[in-house]
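J.: The primary structure of each chain is shown beneath.
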Amino acid sequence: MIELQGLTRVFGERTAVDNLNLRVESGQICALIGTSGCGKSTTLKMINRLIEPTSGTVLINGEDIRNQQPEQLRRRIGYAIQGIGLFPHRSVYDNIATVPRLLNWSSEQVDQRVHELLDLLKMDFDTFAHQYPHRLSGGEQQRIGVARALAARPELMLMDEPFGALDPLTRERLQGELKQIQRMLGITIILVTHDIEEAIRLADQIAVMDGGKLLQAASPRELLRNPREGFVSQLVGGEERALRLLSLSPIADLVQPTELFELNEDTPSIDAHLTLRDALARQLWQRSPVLRVVDANGATCGAISVQELLSAGGGN
Amino acid sequence: MPFRIDRLGLTLAVAVALVLVLLPLLNLQPNRILPGSGVPLGELIAQPGAQRFILLMIPTAILVCLRVHPALKLGLSALSLLVLIYALGSDSDALLAGSSGFARLALGSGFWALLLLLGLMMTDALIKLELGALLRLLLIVGYLAALFALLANGLWDRLSLMLEYHNQPTFWQQGVRHLLLALGSILPALIVGVPLGIRCHRSPRVRAALIPVLSLLQTIPSLAMFGLLMIPLSLLALSFPLLAEFGIRGIGVAPAVLALFLYSLLPIVSNTAAGFDGLDPAVLQAARGMGMSRRQMLWQIELPLALPVMLSGLRIVVTMNIGLVAVAGLIGGGGYGTYIFQGLGQTATDLVLLGTLPTILLAFLAALLIDTLIAMTQREAR
Ligand SMILES: Nc1ncnc2c1ncn2[C@@H]1O[C@H](COP(=O)(O)OP(=O)(O)OP(=O)(O)O)[C@@H](O)[C@H]1O
Ligand SMILES: [Mg+2]
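So the sequences go chain by chain: F and Z. Position one of the first sequence corresponds to residue 1 (the working numbering), numbered consecutively onward. Position one of the second sequence corresponds to residue 317 (the working numbering), numbered consecutively onward.
Hint data in this document are derived by calculation from the structure and do not stem from the laboratory. It cannot be assumed that every hint is accurate.
Claimed, not checked - Output of the computed footprint for chain F on chain Z, the stretches with three or more beta carbons under 8 Å from beta carbons of chain F:
{"hint": "1", "region": "604-614"}
{"hint": "2", "region": "617-624"}
Stated by the list, open to error - Simulated restraints, written as ranges between beta carbons of each label pair:
{"hint": "3", "chain 1": "Z", "residue 1": "Ala598", "chain 2": "F", "residue 2": "Glu13", "range": "24 to 30 Å"}
{"hint": "4", "chain 1": "F", "residue 1": "Glu3", "chain 2": "Z", "residue 2": "Val522", "range": "40 to 46 Å"}
{"hint": "5", "chain 1": "F", "residue 1": "Arg101", "chain 2": "Z", "residue 2": "Ala598", "range": "16 to 22 Å"}
{"hint": "6", "chain 1": "F", "residue 1": "Ser137", "chain 2": "Z", "residue 2": "Leu445", "range": "28 to 34 Å"}
{"hint": "7", "chain 1": "F", "residue 1": "Arg23", "chain 2": "Z", "residue 2": "Ala598", "range": "25 to 31 Å"}
{"hint": "8", "chain 1": "Z", "residue 1": "Phe556", "chain 2": "F", "residue 2": "Glu13", "range": "53 to 59 Å"}
{"hint": "9", "chain 1": "F", "residue 1": "Glu13", "chain 2": "Z", "residue 2": "Val529", "range": "32 to 38 Å"}
{"hint": "10", "chain 1": "Z", "residue 1": "Leu432", "chain 2": "F", "residue 2": "Asp167", "range": "52 to 58 Å"}
{"hint": "11", "chain 1": "F", "residue 1": "Gln234", "chain 2": "Z", "residue 2": "Pro528", "range": "50 to 56 Å"}
{"hint": "12", "chain 1": "F", "residue 1": "Thr15", "chain 2": "Z", "residue 2": "Ala598", "range": "21 to 27 Å"}
{"hint": "13", "chain 1": "F", "residue 1": "Arg66", "chain 2": "Z", "residue 2": "Gln534", "range": "47 to 53 Å"}
All residues carry an ideal CB built from backbone N, CA and C; glycine is no exception.
Model the full structure from these sequences, guided by the hints.
T.: Encoded structure:
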């Protein structure tokens, strides 16, 4: 569990972060979102002491981070940034091995860990381990950046716009992989982003910042349903809002028994693990008010109707 | 295969032909001091060595004009030069026959021009071959070793350059001294300059104060610098005789090394600063964010990444200093400059050459060595 208490940072005349209070539960993803210059990166860097706060405290599992040497602290916290910052003079292998080596792991441990991580990120060891970063595509570099941040099995990862410079398809795929990895390892992630879609897709908690202040911190659903007046409403609002809400729930949530509908051979079907937003899109596209819901094996497990979607979609 | 013309090659080939016709390859001097007269082409061409060279040079010149594989051009022009050098040696006995015992054969302007032209042909072919840096280094060093083996075998012993060489029993000691003077000033300059360069990178104020001073030092001509240093150093030696025991005197090694040290600082400091300035901020932030200490960042990240730029500063300094050490010969610093100034005093051109040629060769080899290092450090990073 991470707690930011009254965190403030002043640069000269300018207050970059202003009395910020935030609590992130272990095993969750928290997205910091806001316009450029609102203090997201500064907040993140105060957590691994790249920047010292002017006032306020950061507690990790109840312990004040000031009780630890900055270097020791940083080696325990994964860190990935938009520029990625892979070391150009070191191979992929040596890049990933950076923190384990700082922690004096044995070479067998390091070797095993690099194999594990490349596996985890679906990159072939023989193809990639001994490449130099400039040979890799942007998406591959980003993956290595994530692998490097995960190398010493941190319980907490800080990610500063990790997918900023990628094309939408690659970005979406990496977001999916990140979420999977995070659930699998049970780590806590604090992630900075400009992109509300990314925040909604990944985060358990979204913290909206503006001008150094935290405006609202809530689950994506809560944020979409009840945004504070002003900046937060602008950020999440607009016509997209209803669709974004639908995208938060799996179809399984609204499945009804097939007997309620007259399903026939021609009724289009949809996978149960997709979201309500996907279901609505399919209904529109197929001009069909009812869809057959099928499980992973292709067996029918229910139906979903446009009326149910309408009742679930709106605000309050 | 279409026969396309290589413009550079054509120019070089025409120049070779002109040189052969217009300039003498060898000069016949009545004695060591008096200027000689060129050996006419007709006389030279009667000799077997020169004939062999011309026979090889003709196909070489033709192929160099065409766009054929550079390896072929390289091989032929390198072989031509070897044969030329061999010819000048093997023909010298016959050419000297009938002259007085004091007469000497000296290398003529035609030889130097051919050396330059063949050198350009080889350089061009070598560049087009795009060899790895290490392979290129080995090739050049191997070729030079072959040349030296020929000379060491007494091939040119009748030419005045080698006569001067045999008159100088300390030739190799002077070479070692020359290198020691050059490197002996660079090592302290590195020890002082690299940390200063890093300071300049970190603090604009230090940079603003330091760089103009170092630039000013660079603009002082070397002789003036030696003169300037002589005064305080001799005063020092007078007041502390112990220092004089260690060679700290107004003339000799001390002012030479000190001057070279001062000259070396600017390239080392400014290239170190430039190398550090060019580091990617994202890389540095990642390194710090992962928990590297200042020292670990310096040794593991900053220095290796700035190294190619720093090495190109070192390259400037090494070639510059090897040249400047020659000037130090004038104030008794030793090294190949000694021969240059002795030769100038005696108007013995070949003694001057005995000082200049090895100086140029040393500078060339040092630059080549550092280029290889730069290429090897850059290969991974880029
Ligand atoms: N080292 C610093 N010195 C002075 N001002 C700084 C420093 N770092 C950040 N700032 C200022 O603090 C404010 C917040 O910066 P920060 O980098 O946290 O913004 P951000 O939300 O991450 O923006 P972006 O989305 O553009 O990355 C900015 O106005 C910035 O100019
Ligand atoms: Mg930022």
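J.: Hint by hint, note whether the structure agrees.
T.: Quick rundown of the hints versus the structure:
Given as covered by chain F, the region 604-614 of chain Z passes the check, having 7 residues with a CB less than 8 Å from a CB of that chain where 3 are the minimum. Here the region 617-624 of chain Z counts 3 residues with a CB under 8 Å from a CB of chain F, which clears the bar of 3, and the coverage holds. With their beta carbons about 27 Å apart, alanine 598/Z and glutamate 13/F fall inside the hinted range of 24 to 30 Å. Remark: the range hint 40 to 46 Å for glutamate 3/F to valine 522/Z is upheld by a beta-carbon distance near 42 Å.
The supplied range of 16 to 22 Å is met by arginine 101/F and alanine 598/Z, whose beta-carbon atoms lie about 20 Å from each other. For the pair serine 137/F and leucine 445/Z, the supplied restraint of 28 to 34 Å holds, since their beta-carbon distance comes to about 31 Å. For the pair arginine 23/F and alanine 598/Z, the supplied restraint of 25 to 31 Å holds, since their beta-carbon distance comes to about 30 Å. At roughly 57 Å, the beta-carbon separation of phenylalanine 556/Z and glutamate 13/F lies within the given 53 to 59 Å, and the hint holds.
Distance hint check for glutamate 13/F and valine 529/Z: the Cβ-Cβ separation is about 36 Å, which falls inside the suggested range of 32 to 38 Å. One distance hint, 52 to 58 Å for the beta-carbon pair leucine 432/Z and aspartate 167/F, holds here, with the actual separation near 54 Å. Judged by the Cβ atoms, the range 50 to 56 Å given for glutamine 234/F and proline 528/Z holds: they are separated by roughly 53 Å. The beta-carbon spacing between threonine 15/F and alanine 598/Z, approximately 26 Å, falls within the hinted interval of 21 to 27 Å.
For arginine 66/F and glutamine 534/Z, the hinted distance range of 47 to 53 Å is satisfied, since their beta carbons lie about 49 Å from each other.
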